Amino acid sequence: MRPVIQVSGVRKTYGSTIAVAEASFEVYEGEIFGLIGPNGAGKTTTMECIEGLRKPDQGTISVLGLDPFRQVYKLQNRIGVQLQQAQLQKRIKVWEAVDLWASLYQKKTVDGDRLLEQLGLTEKRSAWFMNLSGGQKQRLFIALALINDPEVVFLDELTTGLDPQSRRAIWDLVRGIRMRGKTVFLTTHLMEEAERLCDRVAVMDHGRIIDIDTPESLVLRHCPERTVIVDTGDPAAAQHFQAIPGVEGVECAENRFTIRGRGELVTEVIHCLSENRIRVTDFRTILPNLEDVFLKLTGRSIRE
Amino acid sequence: MLRGLLKLTWVEIKIFLREPLGAIGTIVVPVLVFMVIGRAMHTKTPTPTTESFARVGLPILVAILIMVSAVLSLVTIISVYREGGILKRLRATPLRPQTILTAHVLVKLLLTAVSLSLMILAGKRYIPPGVHPPIFSFAIALLLSTWSILSIGFIIASIVPTARFAQPIGAVVLYPMIAFSGLFVPVSLMPPVFRLVAHALPMSYAVSLMQGIWLGDPWSAHLVDVAALILFFFVFTAISAKVFRWE
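Chains as they are written, first to last, in my numbering: chain H, 1 to 304; chain U, 1 to 247.
Simulated from the structure, these hints should not be mistaken for lab results.
Since the model is a prediction, treat every value here as computed from it, not as a measurement.
Do not take every clue at face value.
As the list claims (entries may be wrong) - Straight line, CA to CA, 25 Å or less: simulated DMTMM-like cross-link-like pairs of lysine to aspartate or glutamate: (1) Lys124/H x Asp99/H; (2) Lys7/U x Asp111/H; (3) Lys88/U x Asp99/H; (4) Lys137/H x Glu19/U.
To be verified - Taking CB as the label site, the calculated pair distances span: (5) His199/U x Asp149/H: 52 to 60 Å; (6) Pro20/U x Asp149/H: 31 to 39 Å; (7) Tyr28/H x Val29/U: 55 to 63 Å; (8) Phe69/H x Val29/U: 43 to 51 Å; (9) Glu117/H x Lys124/U: 48 to 56 Å; (10) Ile13/U x Asp213/H: 50 to 58 Å.
Even glycine gets a Cβ: it sits at the ideal position worked out from N, Cα and C.
Just chain U, with the same shape it has in the complex (with noise of 0.2 Å):
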């Protein structure tokens, strides 16, 4: 079934690539956002806190934007496929189902890596002078973090009732997770109930991974982001297989 995965695989690049503003608005956008607050922070008095934000905080912001965009897209396209009756007909070959499913993820993977090197290459010069992120480290979290948290956009397709949906019901699921990511308050620094919440999400492991290997931070220190992620991955697809709707 390999040779059926890869060529779906790439097919649904392609139409992805078809799509007029979707490859800008998952792509581009992202990147425009490190651009332009990476220049404003471009000063040359910088204060701790934009010194402190430009070092760390914009990078990891934009990775989050850059994961929770694939997550939204990928929503979209599930719930669009299942409407338009695409993903019975799919169903209706020796494709499997997790085939199917998995050569999304793929895309969507190839996506955020196309996304960070983009940022990177872009925005190269707004990384403050003394930060020498380790690109292909920080790729590898950004893709765990990615692969663990598609598993919750699966949920998310199930429960939308069309596709006209999609996008809003996925981002007001999102977009909050991002505020107990530990981003902008750091998880320590949280009232309990939060620290809470935080800790049930996935998305508070991934910020902490991806900003301690931003900063040099080797893999050992992160281990329990690691298992954390993958322990996401494992219960949301489980779920997922359980409420998941072909049509």
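The following block holds chain H by itself, in its conformation from the complex (with noise of 0.2 Å):
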């Protein structure tokens, strides 16, 4: 796959808060790549290198080809950018943002009423940017993001402060975005948002990137333990559950067996079910995820 931001040995103080202690990923063509990590772990600053917005102190970086601090317009008429907690004018009504940001390109904009019908924001062409909810200012913010027809989309902190369900229906559109063949770069600190829509994630904390990779490779990499939860009221179920390969413990409460396990527990786990006929009234399976990856990477949890 063809990289299009290539980012190489990245630092940037302020004074002498180090924002970014060294920052190393590419991002290929076609997916969403997320950058996570707690608030404070340096992941705006990156983003807004990348931009061209700041100027690295050290590092190089490339987005389709460019040097985003030299080549700044030529960049910007290329990529889409959404700004973490950014306004617009507060009586700028929606479909003169539109019509505004169309005319600051160089090239040929995509049609700006498609653009809202798609957003769903129509019927609220002619409101006030201080009269929408949060979920429609970062909808209008993914218009503007996309009025260019860019090739990179950036996004930071899309979804903070909005309501789940506002932040599913955003998830959809970032999907959208991928479908139409553009890269997508995105930065939170909500780990179920980049299991749900990222292809990719680097995982970041105190200005230095731990570790790339897909959420499901970093989980098993990091967070091999499995842990299944079965009932039953089999007497003999205990002495098969211990006979599973892998099987590291198994506690009995009742009529309910709590497997541990690494690796394939889960198959393993049913497999011996099925094998010996056991009878279950319930199962259950407990799986780490990406939050359980930075506890055990940073020894804290990213909620902290």
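Got two chains here, separate frames each, mind docking them using the hints?
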């Protein structure tokens, strides 16, 4: 796959504060790439260096073959940007914003009205920015980020502060952006968002990239532990469970068995149940997620 | 980028007019001042003082008010836009930074021209008989002065910590300048130190230029004022290019 963003050895400090200590990674064409980590990890600074809004102290960045800082205007024609916590003029109307943005690019822009329709903002066309809901504002920012039919779209903490329903709606929109063949680079501190949306993620903490991979591979690599909970009255069950390859422990309370192991544990347990014809009244699995990966990698929860 | 500049300017004008009090505060108030004071001066038995004030003092005072309110409005808008991340958002487009700021200057100059027209239209009968100000030249003089002093607005907008302080800090910087402008006490009659301060500030040149043009002086008599205002513009613009904060 062709890399559209190449970041190598980027460092950025503000006075004595190190915002980004060292960041190196590549983003490939057509993927949704997520930079994940807690607030203050350096995600936004990294992203703004890539967008050409900040100049890194060290390191090189290439976006679509351009130097984002030196060729910022050329780059801005080809990318779409949504900034964290940005606002528009309070009393600008939705259509005016789209129309203004469309006039700023030197290339052919997409049809603003169609874009508003796709983002469900047609009814709000003449509403002032200040009267939009949080979700509507974010959808408008997505519209502005897409108006120039960009090759790469940058989304910084897109769903922060939104209710779960709007969040899901926005996720669908982002998947839609990828379907149009565009590359999406996003930052988030919501692990669920990264898990559901991103093809690959880079975990960032204290200004450093700790690991990069698909969410599944990261979980598998750093948190291979699996837990299966089985309710059964079968008196022989305990014996059978102990015999499953890879099992590290079986606990029993009343008729509930908690089986711990790694790797292919879930498949093995199902196999064991069917092989031994064990009657089951309940079956649950506890799988680690990116949240656990983060805890493992940094020694603390991302919410702290 | 001309298309973007014009579009942005037009959008900013519309937004300004939607602001409750925005248009009234900045356009109507100076005009009202002119009419109220003009009416008070408009007596059957004018004294030499009131007559001279009505002849040239009042229109220049109001012109200065128009100018200062344009600058204050610029300071407020820029600091609100910075605080809300609007400037940063606009910067993340192919718009050049200077285009964004130029749009605001254009809006303020237009506002100034409208205020002046209103003052002339509404207050025509308070202009004493025998005074026939060259309105067009005077408008140019006012616009030139405003343009020059707006560049201070960007510096003020850079030093205000939050939008809440924009108006008061702007007022603290600008109103004392009026005292040194020569409008109330002619610069030539000031003590030497004050005279130095007056000459170091653009407002004195603005007042001298506008007074002269109002009374029918040719432009050639005010080349120094014009040059000084242009020079101040470039100096202040250079400073604000250094100190201006986008976020």
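Consistency of the hints with the structure:
1. Lys124/H x Asp99/H: It holds: about 14 Å lies between the C-alpha atoms, which stays within 25 Å.
2. Lys7/U x Asp111/H: The given pair, whose Cα atoms are some 17 Å apart, holds under the 25 Å limit.
3. Lys88/U x Asp99/H: holds, 19 Å
4. Lys137/H x Glu19/U: holds, 20 Å
5. His199/U x Asp149/H: 52 to 60 Å: For Asp149/H against His199/U, whose Cβ atoms are near 55 Å apart, the range 52 to 60 Å holds.
6. Pro20/U x Asp149/H: 31 to 39 Å: Because 38 Å falls inside the window, the suggested range holds.
7. Tyr28/H x Val29/U: 55 to 63 Å: For Tyr28/H and Val29/U the Cβ distance comes to about 59 Å; the hint holds.
8. Phe69/H x Val29/U: 43 to 51 Å: Cβ of Phe69/H to Cβ of Val29/U: about 45 Å, so the range 43 to 51 Å holds.
9. Glu117/H x Lys124/U: 48 to 56 Å: holds, 52 Å
10. Ile13/U x Asp213/H: 50 to 58 Å: holds, 51 Å
Every hint, counting from the list given before, is met by this structure.
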